[in-house]
Amino acid sequence: MQSFKHMGRDDKIFHVIVFVILTLFFIAVLYPCIFVISASFSSGTAVQTGRVVLWPVDLSLEGYKTVFNTPTVWIGYRNSILYTIGGTLINLFMTLIAAYALSRHDLPGRNGIMLLFTFTMFFNGGLIPMYMQVQNLKLLNSPLSLMLPTAISVYNMIVARTFIINTIPGELLEASKIDGCSDLRYFISVVLPLSKAIIAVLTLFYAVGHWNSYFNAMLYLYDKNLYPLTLFLREILMSTNIDPSTVSDPELQARLADMAAVIKYALIMVSVVPVLLIYPFVQKYFVTGVMIGSVKG
Amino acid sequence: MTTKGTIPHAGGGAPLGRRILERWQLYLLLLLPLTWLVLFCYVPMSGLVLAFKKYNAGLGIWGSPWVGLTNFQNFFSSYKSGMVIRNTLTISLYSLLVGFPIPIIFALLLNVLNGKKYKKTIQTVTYIPYFFSTVIMVGLLFQLLDYRIGLYGTLYRMLTGGVAPNILASGTNFKHIYVWSGVWQSTGYNAIIYIAALSTADVSLHEAAMIDGANRFQRVLHIDIPAILPTASIMLILAVGNIMNVGYEKVLLMQNNLNMNYSEIISTYTYKVGLASGIPNFSLSTAIGMFNSLVNFTLLVITNFVSKKLNGSGIF
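Chain order of the listed sequences is G and Y. Numbering-wise (this note's numbering), the first sequence opens with residue 1 and increments by one. Numbering-wise (this note's numbering), the second sequence opens with residue 1 and increments by one.
Think of the hints as simulated: they come from the structure by calculation, not from any bench. Accuracy of the hints is not assured; some may be wrong.
As the list claims (entries may be wrong) - Below, simulated BS3-like cross-link-like pairs (lysine-lysine); rule was C-alpha separation at most 30 Å, straight line:
1) G:138 x Y:272
2) G:224 x Y:272
3) Y:250 x G:138
4) G:196 x G:65
Produce the complete structure using the sequences and hints provided.
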């Protein structure tokens, strides 16, 4: 890497242009994020009158207080956590067993089975046939309807399979076989411990996917006590006015008109923070994971 | 994504029956995934016959009478079909034209930037919006773009002194808001793959070019861009193969009565006809969805073929 001082004139101009474009883009992404944080910590009136520009105005926690006093937010939170944990565990189990079995060259029929899986990435039954199948399996209005139909993402399965093929040397399998290690035993004692990186990436993608999904819940669930957080968010964020009956505190009810916007910002924060909290833990595996996905299997 | 040329292995010479028996544990592992594949992929796929039937709940999928292509005819003869197909194509082509090159440009620029720390910061921050759910993203859009109290309204007032026009209420703005919010949300994430491809590019090429007097911009054109071309062509095939799959979850949330003529796309229409209307029409909805899938699949096969002819890389 050349230092800026030693560059020619053309290069200096080019580097300045690059720096400016990237900085503008950086600000364009960062600024709305900061604005949301600031608005969520401002008073209802400050947000409603458009006085928040960058930093919180009339620092206040009333947005968060209202959000945490709303019972539906807690129900949604609890459900989303349960669906995310349950769904992700099912995802990991199903994806890894399929990826491992299909990573073995010595599996007769492997290419045919792979083809059955990959075909579904490009062609599927669509909305109604899927809905009817969920109905036939008696999964409507059951939390399982959010976990079973999405149990495997074929794309993720192929990524995991590619990872296993590329990073675990075939000699290990040969050596284990000589030692009398069974295929199952080899999976549990050799493959799984060596696949930590891919397991971390799969966990991130599956968990974020469950936490963020709303469409299947909207289709398959009709009991409000089963709603994930996103469905409540949808009701609140997409409405121009918040239904006062969802707020228990009578004093707050009166001020709701003033508070609609700040509540929405606080809600956005409350829903995004859990995802951002797990992100740093898996970030180091993140780029690797995305890259494996781009390598052909 | 098929694997050609299986590597020979220890039991390669044994009869097939014995090789299968020897691997029984692997088949046991595959039992659940294959059951899943049948139950949630292939059984629904067989449900596509609904598109050629008039669904009757009492008779079930298989008992309902055949009606040939009537459902398709009904769709294409309705005034809605032209509108939803046009909207789908407008939104998806616009997304492709803007959303495909921008991450590439972003990656190329980031690769030029000096200063490791700043580079890392930009990367980390630009990933963040990718993890916002659709609901949050659309809620955020509504809040920020509000012409009275949103960030957009506030900044507009500060800069011009007047009241901002209500861009959320105008149907013609729908596609711009949809596409550019997508750029805002996923550029950082989509660039990762190109950034990684650039980091593996041959350093000696750069050194040789510098000795020959090439400036940085020339090196971007002649070294960096060729380095990411194979990756870019694969991404392009996948993107074209998905051209009819506009992100319906986001569109559905962004729709309102004011922009409906510009925002109704095939997949949201399928949902409305099939599940959200007062008189659900399962057969018509399935037919529309099937038309969408077929167009997609055809496009994928064509682009893959063209890409293979042009530069030898395809996905199958």
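These are the hints, each one checked on the structure:
The straight-line distance between the Cα atoms of residue 138 of chain G and residue 272 of chain Y is roughly 23 Å, inside the 30 Å bound, and the hint therefore holds. Among the hinted pairs, residue 224 of chain G with residue 272 of chain Y is consistent with the structure: their alpha-carbon atoms are about 21 Å apart, no more than 30 Å. Distance check on the hinted pair: residue 250 of chain Y and residue 138 of chain G sit about 28 Å apart at the alpha-carbon level, within 30 Å; holds. Restraint check for residue 196 of chain G and residue 65 of chain G: not satisfied, since their Cα atoms lie roughly 40 Å apart, outside the 30 Å limit.
This entry does not satisfy hint 4, going by the numbered hints stated previously; all others are met.
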